[in-house]
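Visitor: Whole structure, please, built from the sequences with the hints as guidance.
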Amino acid sequence: MKKMTINGMVVQVEDHWTILEACRFYGMDIPTLCYREGLSPGGICRLCVVEIGKGERTKLVTSCNYPVEDGLVVRTHTKRVIRARKMLVELLLARCPSSKTLQDLAAKMGVQRVRFKVKDEKCILCGLCVRMCEEQMGAKAIGFAGRGKERRVTPPFDIKSDVCRNCGACMYICPVCQLRCQGPEPPGVVCGACLNVEPVCLQDNDDVMCYLDTCGWCYKMKKR
Amino acid sequence: MNRRKIKSPSDLEKLRQEILAKRDPKKPRIAICAGTGCLALGARKVITTFKEELKKCGLENEVEIRETGCPGFCEKGTIVVIYPEGIYYLQVQPGDVPEIVEKTLVEKKHVERLLYTDPTTNEKAIHEDEIPFYKHQMRLLIGNNIKVDPKNIDDYIALGGYRALAKALSEMTQEEVIEEVKRANLRGRGGGGFPAGRKWETTRNAPGEPKYVIVNCDEGDPGAFMNRALMEGNPHSVIEGLIIGAYAIGSHEGFIYVRDEYPLAVENTGIALEQAREYGLLGRDIMGSGFDFDVKIFRGAGAFISGESSALMSSLEGKVGAPKPKYVHTSIKGLWNKPSNLNNVETWANIPLIINKGARWFTSIGTEGSKGTKIFALVGKVNNTGLVEVPFGITLREIIYNIGGGIPNNKKFKAVQTGGPSGGCIPERFIDTAVDFDELTKLGSMMGSGGMIVMDEDTCMVDVARYFIDFLVDESCGRCVPCREGLERMSEILNDICEGRGKEGDIELLEELSAVMKDTSMCGLGRTAPNPVLTTIHYFRDEYDAHIKEKKCPAHVCKALIEYYIDAEKCTGCLACLKACPEGAIAGEKEKVHVINREKCSKCGICYDTCKFGAVIIS
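Protein sequences, first through last, are from chains A and B. Taking our numbering, the leading residue of the first sequence gets 1, the next gets one more, and so forth. Taking our numbering, the leading residue of the second sequence gets 1001, the next gets one more, and so forth.
I should point out that these hints are in silico values taken from the structure, not numbers from a laboratory. Idealized CB from N, CA, C, for every residue including glycine. Take these hints with a grain of salt, some might be off.
Claimed, not checked - With a Cα cut of at most 30 Å, we get these calculated BS3-like pairs of lysine-lysine:
# : chain 1 : residue 1 : chain 2 : residue 2
1 : B       : 1559      : B       : 1570
2 : B       : 1296      : A       : 122
3 : A       : 59        : B       : 1442
4 : B       : 1296      : B       : 1326
5 : A       : 2         : B       : 1333
Claimed, not checked - Beyond 10 Å from chain B on every Cβ pair, some chain A residues (computed):
#  : residue
6  : 24
7  : 27
8  : 28
9  : 29
10 : 56
11 : 57
12 : 88
13 : 91
What the hints assert, rightly or not - Derived list of chain A stretches under chain B, where covered just means 3 residues or more per stretch with a C-beta under 8 Å from a C-beta of chain B:
#  : stretch
14 : 74-86
15 : 106-113
Guide: Written as structure tokens, this is what we have:
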């Protein structure tokens, strides 16, 4: 067992834990996008950053892959952390505005607008599908190709891979493939509809009417 | 060639004496720079012409020709030095060769027109120490480049090479070597400035075998070529440092990671390793000490990001050269998860000096926090471009004016960019800053690996920031969100500003984005990438404001924000600009005032350069 401080609270943690595991164990809510239990941490989305250290020598680290150590001082919701998370969500949302996951995250964090030109990419390159395929399905049918803005997820040489069993695990785990929503309206504005508004279908029904729980998209369309 | 193994330090000294005995110091020798810069300027032709000419004059046995490494004065290549006198001839063309042979080698006179001429006093300089470019330098590392043929190990040994290795292996324990390097306070020359001795110690004490030592020669900054010159020109100095490091750390396997864009460096290093092996300086039982060590060359496929330690090790492992999260340092868990010590070419090259002359001597050079010398690639708007090696603590002014010879065409100095694309721009008011790791960091820039780009008043600082960010957009590995998305957005905003679409709030957004990128990026590339933007905003905010609010580019660089027109009073109607215009955008007749058609004008600036009367004006 190791002893560390999370948000001023001295806690005991397991030796092999990461900061994220420790924080979640003690009930701290840290947003993540590219992290899933059972997969190796990617450290890609950077949303799970926390501030470590004391005094002036503090720094932000990704909690999903930072191993706990004795005497570590962690703060999960400082000004610096919140500023970083908000900017990261804004960047992701500008890339992929039609993701309900991202729209929900934005609404939850109070990101009110997107100041960058809105694109309509399908993928946020979080790499969950790649790790899922390799680590859980044992297939390695997809991977990353290209560098920088050319980076994309694809089977080798862009040809359907022999080892792909069409299991669909990549689609299952993707935070943006499923759960599409209409995106910001007008462009550049975070809709926040799903999270901020009470499920609109409740006005007419006793129960939420679809598996997308609180989005209310179908209801809004019907009203038009 | 058959080389006998060196079995002890006294063997090495004996060999050195044998080599020296074979050589007549009075025998005329022509040293010709065969570095990449001079080769591009036609050095190969100069070398062959010299060979032919000597044959013609029957001097081929009398005079020795030596193809050497780069002496640094690339502006004035091809460089030819005639020994034993040490006469420096600059900008030598194949046509000059017969004159040199006749006048200098036969008649022992100077060819005046090929000597260095001072641009202000018109005085000639004959020897290296009289040329201002060299006079103000302290050339501990690259000074030997012009004296040795990198393809011949004997040249290096003749100068006392591998003595430091002999000393370390025979007289010092591993701890003593590390202690000496720590006392010398040698800081990593690749950019970070981390103390090399401490890094060595970490690797040495880290659990796990085998341990690796690696040379980082993946130099990718635009306009920087310090490592190339060392690796091409004097590879043995790096190899000697590496062997000493391996001994101290307890490593038996080393790698030299060279980018494949440096074919000459790859070739010369390969030859150097082969020759060192023949002498038994690599391999089993080096110099009879019982220490085994060998080195492999690894050719990098040419990605800027592969210069980052964890990305370089990924690349060495045969994977994509992309950085890994390294909350555990590579010196503890690096290549194949084993303790791996990575240092820059220049850092390794400093080791033999420290071992030979001692930490006390080394620490007498430099400033409080930065010891020794540093090689800079001095480029941009400066008269003498090339490689300069200076002690830490020298001011930017001394480098730019005394060594660099000032700004061409009497333009005004505006800023200097240090540290490559991740560095920052330092404005004129800090030109008297002493150059060392800490001072540059204080100004928001950094030492980097030693790029130094000088800019004059015709440089638009927004355009400079845009250039570097665009470079980094291409070179970012794209793995983590802040670097990939952040850089792309930064480039988008900067391009908008340069093209006249900048809007209020852009500067603040850039600053906010920069702060987050610095905080959250995975590796050094993303964390330092905002530096060019932050420093230009900090020191040249008025230029950003002019672009955004007034839609003007004060330096007349951003094409979308300037217009060319012809001053009717100055135009003589000479037709020169009209003929030169590639777009046919200039109308006019002989001796009548010309007019530029704004719709056709592509703003290439050719008319501006062509007009002898200053009639073309940019607004």
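Visitor: Hints first: check each against the structure and report whether it holds.
Guide: Each hint tested on the structure:
1. Pair hint residue 1559 of chain B plus residue 1570 of chain B holds up; C-alpha atoms about 24 Å apart against a cutoff of 30 Å.
2. A threshold of 30 Å between alpha carbons decides the hint, and for residue 1296 of chain B with residue 122 of chain A the separation of about 43 Å lies outside it, so the pair is violated.
3. A distance of roughly 18 Å separates the Cα atoms of residue 59 of chain A and residue 1442 of chain B; the hinted pair therefore holds under the 30 Å criterion.
4. A distance of roughly 25 Å separates the Cα atoms of residue 1296 of chain B and residue 1326 of chain B; the hinted pair therefore holds under the 30 Å criterion.
5. Proposed proximity of residue 2 of chain A and residue 1333 of chain B is supported: the alpha carbons are some 22 Å apart, at most 30 Å.
6. Residue placement check: residue 24 of chain A keeps its beta carbon more than 10 Å from all beta carbons of chain B (closest about 18 Å).
7. No Cβ of chain B approaches the Cβ of residue 27 of chain A within 10 Å, the least distance being about 24 Å, so the stated non-interface status holds.
8. In this structure residue 28 of chain A is separated from chain B by more than 10 Å, as the shortest Cβ-Cβ distance comes to about 18 Å.
9. Distance to chain B confirms residue 29 of chain A as a non-interface residue, since its nearest Cβ pair spans about 18 Å, more than 10 Å.
10. Distance to chain B confirms residue 56 of chain A as a non-interface residue, since its nearest Cβ pair spans about 15 Å, more than 10 Å.
11. The non-interface label for residue 57 of chain A is consistent with chain B: the shortest C-beta to C-beta separation is roughly 14 Å, beyond 10 Å.
12. Some Cβ of chain B comes within 10 Å of the Cβ of residue 88 of chain A; the nearest lies about 6 Å off, and the non-interface call is violated.
13. Chain B draws residue 91 of chain A into its interface by the beta-carbon criterion, the shortest separation being 4 Å against a cut-off of 10 Å.
14. Counting residues of the stretch 74-86 of chain A whose CB falls under 8 Å from any CB of chain B gives 3; the rule of at least 3 is met.
15. Residues of the stretch 106-113 of chain A with a Cβ under 8 Å from some Cβ of chain B number 0, which does not satisfy the need for three, so the listed coverage is violated.
Hints 2, 12, 13, 15, counting from the list given before, are not met by this structure.
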